[in-house]
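Chains as they are written, first to last, in UniProt numbering: chain A, 1 to 109; chain R, 1 to 266.
There's no promise every hint is true.
To be verified - Sample of chain R residues with no beta-carbon within 12 Å of chain A, all distances over it, derived:
(1) L44
(2) P84
(3) R254
Stated by the list, open to error - The following label-pair restraints were derived from C-beta to C-beta distances:
(4) R:E163 x A:A54: 48 to 56 Å
(5) A:D63 x R:P183: 29 to 37 Å
(6) A:E13 x R:P201: 31 to 39 Å
(7) R:E219 x A:G28: 23 to 31 Å
(8) R:E163 x A:G28: 53 to 61 Å
(9) A:T43 x R:E219: 14 to 22 Å
(10) R:Q158 x A:A69: 31 to 39 Å
(11) R:E206 x A:A54: 46 to 54 Å
(12) A:A54 x R:R79: 45 to 53 Å
(13) A:D63 x R:E57: 40 to 48 Å
(14) R:H99 x A:T56: 43 to 51 Å
(15) A:A69 x R:G28: 43 to 51 Å
Keep in mind the hints are simulated off the structure, nothing from the lab.
All C-beta atoms in this analysis are idealised placements derived from N, C-alpha and C, irrespective of residue type, glycine included.
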Amino acid sequence: MAELSFPLPDLGEGLIEATILEWLVAEGDQVERNQPLVEVETTKSAVELPSPQAGTVVKVHGDAGSMIAVGDPLIVFEVPDDTAGIVGTVPAEKPPARRVRLSAVLDDD
Amino acid sequence: MGRHRDHLVEGSDPQLSVALHPPASDAGLRPVLLLHGFASSTKLNWVDTGWIRYLNEAGRTVLTVDLPGHGDSAAPEARDSYSPSRIRADLLQVLQDHHVVPLREGVPASGVDIIGYSLGSRLAWEFGATQPELIHRMVLGGPGSGDPLAAFDLAAAQELLAEGTPIQDPRTAELMRMARLVPTNDVFALLTMVEAVKDEPFTPAEAVPRMPLLLVAGENDDLAATAQELADLAPQAELLTLPARTHANAVTSRAFKSAAVAFLAA
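Turn these sequences into a full structure, and let the hints steer you where they fit.
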């Protein structure tokens, strides 16, 4: 098994951070790709973030009410080794060097 | 979509963006019409917040409409296009176009359910009061007995746009902040809507919906502080309060969604 860490994705329109409203999954949960993970609020609106990945939730970052910056770690999944091989493993606690859009396009801009 | 209509309730096609979102597995219940709030859109209010997915997963067919001057709908110049009475006529047209039939006892697919948020709840309240034969149940999010748009300081908003003068009234300032944050919003169309709403302010006691209502408000939603007064006007209304939520962030709440789906399925 391998661990995959995902950061808070780019929410568009120059938004740099979001507040965690409520986690919809917990550590130990098995989640499907596109399953809603967490509700977050920006200065613009509140949104539900879908999962970029199927797997078991190993860690979620940030309790309800805490602020998280775009690019900072949001959630860590445990996935079978061959799955990790396909998409590449990301070091668990280090933010990725390059920001990538993880989800289906949340915003056109 | 703006399709040509042969039998318009009002004389002209309002060119509203209407979309049908069918579920993968249909529960066989009536469609759910979603009405978004001021300066929002189907996308911001219902798609990005996970509502359409949640309703579809519950087997519900969803019908969405962008209000005039919002989302992908046209933004006409004429003030009349934005009046609540004109919008109610256009909503009736949308339901007719989608073959919504009057409620019939024992026919779960007849009629329509409605979920509104903020201004959408005000429109739903009036629409429900005037269309009891069509509407089964309604969920009204972020509702109040007052009318935040009627109290909107239009002159201050225009000065802000023209001169950059800060707005003193906090609610006007917040509504303008929201209106301008979304680059696709047509601020002038939104101000025309405010003018139209001022002509027809919300007077909920005048026409009261008599079908079962679920009112849902964030505990810290100051625009919905009068939700209980609104509930007291209706013969069959219950109020759900969402702890710690505000007018802006109650809309994604899982407790709100699950309560709405359960209430509409009854």
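Against the structure, the hints come out as follows:
Taking the minimum C-beta to C-beta distance to chain A, about 5 Å, the non-interface status of L44 (chain R) is violated against the 12 Å cut. With 12 Å as the threshold on Cβ separation, the claim that P84 (chain R) sits away from chain A holds: the shortest Cβ distance comes to roughly 24 Å. Against the 12 Å criterion, R254 (chain R) falls within the reach of chain A, whose nearest CB is about 6 Å from its own CB. A beta carbon spacing of about 53 Å between E163 (chain R) and A54 (chain A) agrees with the range 48 to 56 Å that was offered as a hint.
Range check, D63 (chain A) to P183 (chain R): Cβ separation about 32 Å, and the 29 to 37 Å hint holds. Between E13 (chain A) and P201 (chain R) the Cβ separation comes to about 32 Å, which falls inside the hinted range of 31 to 39 Å. Here the CB-CB span from E219 (chain R) to G28 (chain A) is close to 30 Å, well matched to the stated 23 to 31 Å. Evaluation of the 53 to 61 Å hint for E163 (chain R) and G28 (chain A) yields a pass: the beta carbon distance comes to about 56 Å.
Restraint check, T43 (chain A) to E219 (chain R): a C-beta distance of roughly 21 Å satisfies the suggested window 14 to 22 Å. A beta carbon spacing of about 36 Å between Q158 (chain R) and A69 (chain A) agrees with the range 31 to 39 Å that was offered as a hint. Between E206 (chain R) and A54 (chain A) the C-beta distance comes to about 52 Å, which sits within the given range of 46 to 54 Å. One distance hint, 45 to 53 Å for the beta-carbon pair A54 (chain A) and R79 (chain R), holds here, with the actual separation near 51 Å.
The hinted range of 40 to 48 Å is not satisfied by D63 (chain A) and E57 (chain R), whose Cβ atoms lie roughly 27 Å apart. Between H99 (chain R) and T56 (chain A) the beta carbons are some 45 Å apart, a value that agrees with the proposed interval 43 to 51 Å. Taken as a hint, the range 43 to 51 Å holds for the pair A69 (chain A) and G28 (chain R), whose Cβ atoms sit roughly 46 Å apart.
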